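Student: Sequence:
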Amino acid sequence: MTSCSGWVVRTSQPPDVLADLQQRMFQLRLIRWLRGVGYPASLRGTFISEEEFVAQKNNPLIRAERFLYTLTEMLVLPLDASFNFTVFLYQDTSQEAGAQSRPPKLNFHDCVTVVDVPLNEWMDNVLLQPADFDDGAETEFDAWMSSEFSLQGGDYNSR
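Residue numbering for the sequence shown follows the numbering used here, starting at 8 and increasing by one per position.
Derived by calculation from the structure, the hints in this document are not laboratory data. Quantities reported herein were computed from a predicted structural model and do not represent experimental measurements. Note that the Cβ used here is the ideal one computed from N, Cα and C, for glycine as well. Some clues are possibly wrong.
To be verified - Listed next, with one range per pair, are the computed distances between beta-carbon atoms: (1) Arg-51 with Glu-72: 12 to 20 Å; (2) Glu-57 with Val-24: 38 to 46 Å; (3) Ala-62 with Val-24: 23 to 31 Å.
Produce the entire structure from the sequences given, and follow the hints as far as they go.
Tutor: Okay, here's the thing in structure tokens:
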């Protein structure tokens with residue numbers, strides 16, 4: 008389990024080298040995504056309307072705002088110092104045809120500020136792709152996270 012000022016990333020697996028690596032790689036990608044500016048260009052006109060894309064193009068907070076609002080339906084962080092959220096990683100064992108090769112869907116538990124992240128072959132491959140902290144560089148992880156958090160708070164229960 009890794010903690011980072013008010014939030015926790017943990018896995019369902021017993022501690023081992025692979026679980027630790029997946030956890031750390033996911034956490035680095037999540038931090039990188041949260042620090043990004045605007046929405047990834049690949050979502051323009053798809054998950055993100057043209058108007059929303061242009062309006063938020065230079066917004067350094069939009070990703071963090073969407074993340075917070077989707078998890079909590081709050082627009083600002085509470086003043087309560089004990090507030091935190093958890094990202095729970097687990098191995099997706101789905102046997103459904105193609106399930107391992109497509110982007111996973113996140114499962115939100117807004118009442119306890121937890122998001123479940125299924126780890127499948129697609130995610131393993133995405134976590135291994137090169138990435139740096141260049142604001143202009145877009146990764147497949149960035150596009151996936153932005154699409155998962157592009158919904159308005161409360162809408163995620165209807166997908």
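Student: Out of the numbered hints, which ones does the structure contradict?
Tutor: 3
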